[in-house]
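Chemist: If you read the sequences in order, they're chains H and D. With the first letter of the first sequence counted as 1, position 231 gets the number 231 in full-length UniProt numbering; the numbers rise by one all the way through. With the first letter of the second sequence counted as 1, position 895 gets the number 895 in full-length UniProt numbering; the numbers rise by one all the way through.
I should point out that these hints are in silico values taken from the structure, not numbers from a laboratory. The C-beta atom is built at its ideal place from N, Cα and C for all residues, glycine as well. Just so you know, not all the hints are guaranteed correct.
As the list claims (entries may be wrong) - Across the chosen pairs, the derived CB separations fall in these ranges:
id: 1; chain 1: H; residue 1: Arg410; chain 2: D; residue 2: Glu229; range: 38 to 46 angstroms
id: 2; chain 1: D; residue 1: Arg897; chain 2: H; residue 2: Arg410; range: 42 to 50 angstroms
id: 3; chain 1: H; residue 1: Gly234; chain 2: D; residue 2: Ser571; range: 31 to 39 angstroms
id: 4; chain 1: H; residue 1: Leu253; chain 2: D; residue 2: Arg897; range: 31 to 39 angstroms
id: 5; chain 1: H; residue 1: Leu253; chain 2: D; residue 2: Glu838; range: 34 to 42 angstroms
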Amino acid sequence: IGKITGCVFPLQGAGQDVGRSCILVSIGGKNIMLDCGMHMGYNDDRRFPDFSYITQNGRLTDFLDCVIISHFHLDHCGALPYMSEMVGYDGPIYMTHPTKAICPILLEDFRKITVDKKGETNFFTSQMIKDCMKKVVPLNLHQTVQVDDELEIKAYYAGHVLGAAMVHIKVGSESVVYTVSVNKYAKSHISAWIDKCRPDILISESTYATTIRDSKRCRERDFLKKVHETIERGGKVLIPVFALGRAQELCILLETFWERMNLKAPIYFSTGLTEKANHYYKLFITWTNQKIRKTFVQRNMFEFKHIKAFDRSYADNPGPMVVFATPGMLHAGQSLQIFKKWAGNEKNMVIMPGYCVQGTIGHKILNGQRKLEMEGRATLDVKLQVEYMSFSAHADAKGIMQLIRMAEPRNMLLVHGEAVKMEFLKGKIEQEFSIDCYMPANGETATVTTNPSVPVDISLNLLKREMALGGPLPDPKKPRTMHGTLIMKENSLKLVSSEQALKELGLNEHQLRFTCRVQLQDPHSDPDTLHRIYTHLKSVLKGYTIQHLPDGTVMVESIVIKVSSSAEDTNAKVLLLSWSYQGGEYFFTALCIVKRLMYQ
Amino acid sequence: MAAHLKKRVYEEFSKVVQVTHEEAPAKKLRLSKPSKSAALHVDLCKASSSTDALQYLLTFSRKPVEAESVEGVVRILLEHYYKETDSSVRLKIASLLGLLSKTPGFSPDCIVDDAINTLSSEKSHQVLAQLLDSLLVIGSQLPESPAVRLRLIEVAYKNLSDSSFGVRTKCLQLLGCLGLLEAPLGKDSDGPGPSLAMRDVQSIISDYFGDQDPRVRTAALKAMLQLHERGMKIHQIIYDQACRLLSDDYEQVRSAAVQMVWVLSQLYPESIVPIPSSNEEIRLVDDAFGKISHMVSDGSWMVRVQAAKTLGSMLQVSPHFLEQTLDKKLMSDLRRKRTAHERAKELFASGEFSSGRKWADDAPKEKLDTNTVNLIASGACGAFVHGLEDEMFEVRNAAVEALCQLARSSPSFAEKCLDFLVDMFNDEIEEVRLQSIHVLRQISTHITLREDQLDTVLAVLEDSSRDIREALHELLCFTNVSTKECIQLALLELLKNLNKYPTDRSSVWKCLKFLGSRHPTLVLPLVPELLSTHPYFDTPEPDMDDPAYIAVLVLVFNAATSCPTMPALFSDHTFRHYAYLRDSLSHLVPPLRLPGRKQVYGLDSVDCGSGSGSVESAQLFLQQSLNRVSTIQNLEAAGAPELLDLTIRDLQRLGELQTELAGAADFCATFLRCQLLLMKALQEKLWNISVPLILKQNITVTAAAQQVLDESYKLEFLYSGLENRQVATIHHVRLQAKALQLILAARTRHGLDSLISSCEKFLQDVESFQRLFLTELPHLQDSFVEKLLELLPRLSSCKPVEQVKILQTTLRQSGLLQLRLPEQIHRATATIIEPTGESDNPLRFTSGLVVALDIDATLEHVQDPQNSVKVQVLYPDGQSHVIHPKPADFRKPGPNRHRLITQVYLSHTAWTEPSQIEVRLLLAYSSSCSSRLGWTDAMDSLHPAEGTVEGTIPFSKHVKVFIMPKPARR
């Protein structure tokens, strides 16, 4: 009866790499947009989703009931100002508090790079970002928000990108859970938690569908060991990072390690964007993981004790130090400057905590290049140690499976991933949970049919009466049938007792009686036969009301038994058994008994 | 010790208490009975509205009710109950029923019928539930009455079909607590009732496993567990049902189901269960293990903790299943990836040390067959891998604990889980790190650490938490390592640790001692390097005071005990250093058989053959000394003082040499010293001189008596492992000292009143002694007390002066009490590790404000240190403060060992120059020997503190700390 459609947006030429999430869901007549991401790889129109796909000429506001943003990464919220301000959407946009706080910073930063540095036009302005943010309605975890009378949404914690959430969307009895790469950065397989809400569809990203991660602890230990060794030798450590997420994670890691090992060497953090981000991490401490939350009783973890702001002049200071600098691929900016200064000393070390794009210095040194050509024909000897530290702990297949186990969805929808990998995961899901799994391609629509339950009102009196009938309650062993009349009126269904139904509909009750004739030979007189039947029934059917009525009938519950003999043959008796429609069950027993008696 | 003693004292007296209760206050009770219930009755009648009545009941419930009047009160309450229309008042009455039936001394069987009757007319579900709860209380008060039980069970059955979850829950509880363990015998108790009650409790309870309300399901499971606890054998049929409940929607149900499944797996480990969807069969315990393992990845962390904990106790599980729990397969893009553990192992095997510098050395290798990949932990697969990586540290901790238990029973599993445990050393939560270190120590007998693992382990040595470091030292003491590089690595890291945290000195040395004695052959090739000797050249002599050098020597010397070739590699100064260390750090440096140097260490001959034999011989020696002493007949025997003197000296030396017997030897020596002091005090010539000369003598004797008294408290409270016999002996000595004091008092003081009172007090002491040690009296033959008790009738009747005279003669004639040694005596000792008292830098602070001084001390053989150990601070002006440390400041690193790490706050007015304060630890004791229990009636209340001696024994050396309070700057 019901239908939920999930639709993946067409993004021209989008490859299979980092996502550009934008999903449209129609559920119970409501249209919801999940995430509104952009593609970082393009500089033209292709970077934003093609919103004309939704409505050819109408306004978006008329079509969409709400937009929900899962977390602050640009590939999940980058197209938001474009959609709301340039295309035009005035409906509500939902995101969690931390996402709402950090999202505009990233958007502004992104805008600056595109417009101010690359000089592009036809891009959203700062004012547009602000206007867009005004339309945002913040969500709290586990808070059920009523978008309108029928549509409600609820957010769940989804791991430790600050403020990332899973969303449970519900219309009537149909529901959808949307999650992006659950616990992408969380330390374990189980960190996201969701009710056993049994949604009709669980929509999940499957980019890392074919990966099972190793324990993060090993990697962390390696990282810390390397940093520690270098510091002990008196060397300097450079860690190029991007501003958000990973950087904070590494900061916390080093901070606690310094605390634990009682180390004194300074740690610096390059200024700018990160400071603001740290500020928000400080504010939203309750959204972080257990360790950080626990420590908060003593102090806020993000009030770093050992980590200080970096100043350009510090790079020349003697002695060991650790510096976090942006950007992450050593292609420009502060990290590159520091790298140039330190590259000549073999005591120093650079740790690349992430993937580097081809052509960047980061990529070159990772591949073992020891002589770098700088601008102006200068060459740079790379003597320092180069380490690669993979911290990209993405949600793996296990995480997704765990989530399915927790939520118990009826159908699964995998989005964003290579067909082969998704095929693998799909097979696994179908095998383990025996549920249907869909994997629509870009622009394709998947439709899931649901069996919505139909609520029926039942009158309390009827319920009580039926309960009283059936002996002790509850008998968990068997289901119970009950009698009643279903009245469908307008849009409501009602289950009432038949009397009430008759009364309500103004109808008269009709009695339905069945009669059965049994012919038999019996030498006794009519009253004798009847009496015999009566005594026999009385002896066999204990616990039933059996009456011998003066008008020559025997009543067994509601069954009437009458004996008459034909005029010609007094031996040939006709036994009349008459029963009402309700008494059918008893009738056959009675009939059998009587017959057996007669044929004896 | 003190606590134990106290407890025993109470036990002894419990009889006496009861007697008094029965006899005396009968009158009082008769008075209170009508008043109490009457007051309630009046109150309830007065109550105009139900709120008023509720108010009365609330105030009433706060006051205790005497056992005799309970029944009356209950009647009044029930009477009101039937009249009351408001359900909240009825609820309160119902709860009062339960409360009242708990009154000690009241047997609730008389109100059972009334309570059950109330059920039939009750309409409100809440009140019904409360009534059932009260019945439960009544039922558990009457464990001996099967008839009552049967009735209650019947009631429970009847109400099980109630539509309210509360009532059903209570009924199930009732069944669980009172359900009959075995079917009632035969049909002698016929009638319709019992037949209901005779139905199988288990099958009835298990019917409710499928109840619609999760609370009822939980209650049903709990009731079943209760039955199990009470000793009923749960049927195996329940297993399937319990397993089904493991996937319940509600966490409390799942949690209870985990317990249920565990119970069944322990009951029927070997029975065979089929695997659904295949025709294979496995042992039940394996099946249960798989199912509980599955719960380690449950959605609720409470359940995960429960499951992880439970796994640890399933020791019968097959090794095949056990090893699956550590299974982890990694993949990347559908290709198999080796885990970091495997890589580390491989690198180690190939002889190459981890470079970690190669990019993508963890690049995925071979293609995986998609069918073999287990994405979801099915069964036991990877349960511990999940548990150890859980987000909540509680789960990780539970998993570590479980790993430990399983590994202890299975060496092969221990070997396998090593990697995972070592990983946990880097957990972000300290508790987990500490726990995993402890665990590794416990299983260390089964394992040998690889170099890369040792590396990880040793990295923790730099942790700033002292607990962690010490736990790690402890671990290293018990660790086996595989190569000489490992030894070198460990030494290096330990020296680094020593350098960074000099306070760890003793702990590091101890660690190296064990490391050396465990791996002599691995140390041997390292010796030249360690001692920096050279075949041709003389190397400079290292500094003997360098803790690092001492550490190296400790390692080498301990290795040399079982490696006779090693001393050949020592250079001259090493031998000299050995002699020095052997003497100064004898607990760390073992005796060595050094060629040609034996004569130098002649003194050491006693412990050359240090081993169990020497302990035995020492024990023998101790016994012989005691026997020798026991030949002394009485305190006046000639030559006795000399013999005692000699024996005390012997014993003291023995205590120093044999640490195992230190406690016993010390104890005996102290005891004998007491005797010696008494003996000297009683010497004839002292007592025969004329009165004017007496004064001077008196002072010494008084001092002696006081000393004996003090020592007797030390004997009683400082030593643990004493038996009643020894305590009696100690008390006897104390009695003697008191007698001595009394005699002295009689001789000096002339106030008759004071003498009378002190005589009375002494007699009381004697009586209490008699009461306390009634069972020991036969052993105290020919002693002071025995004679005293013989004379007691005479003593108590005569005049004080006469009494003193009698005492004096008895005291002088009494014999020396024989000391029998118990199995194990240990002396409570305390060593203050920090402050060391070596610092010359004064602690400066502004006067009037406080400064915190860190105190770190180890306590040995102290019972209940939380209550007994105090810190005393003595200021130079004679002020002293006693500080009671918080209970949380005590840790228990080992049996009979405690660690006190605390801060004391110092403050003082301004001083002109820095000065030393003294800090020491005190052992507080309180003897309630002749406490209130002894004195029958009114005496109690008059002298509550009479007889209880509270005091403190200093049991650590004092440490001096320089402090300097500066005047506040204005």
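Chemist: Compare the structure with each hint and give your call.
Modeler: Hint check:
At roughly 41 angstroms, the beta carbons of Arg410(H) and Glu229(D) sit within the given window of 38 to 46 angstroms. With their beta carbons about 59 angstroms apart, Arg897(D) and Arg410(H) fall outside the hinted range of 42 to 50 angstroms. Between Gly234(H) and Ser571(D) the beta carbon distance is about 34 angstroms. The supplied range of 31 to 39 angstroms therefore holds. Restraint check, Leu253(H) to Arg897(D): a C-beta distance of roughly 35 angstroms satisfies the suggested window 31 to 39 angstroms.
Judged by the Cβ atoms, the range 34 to 42 angstroms given for Leu253(H) and Glu838(D) holds: they are separated by roughly 38 angstroms.
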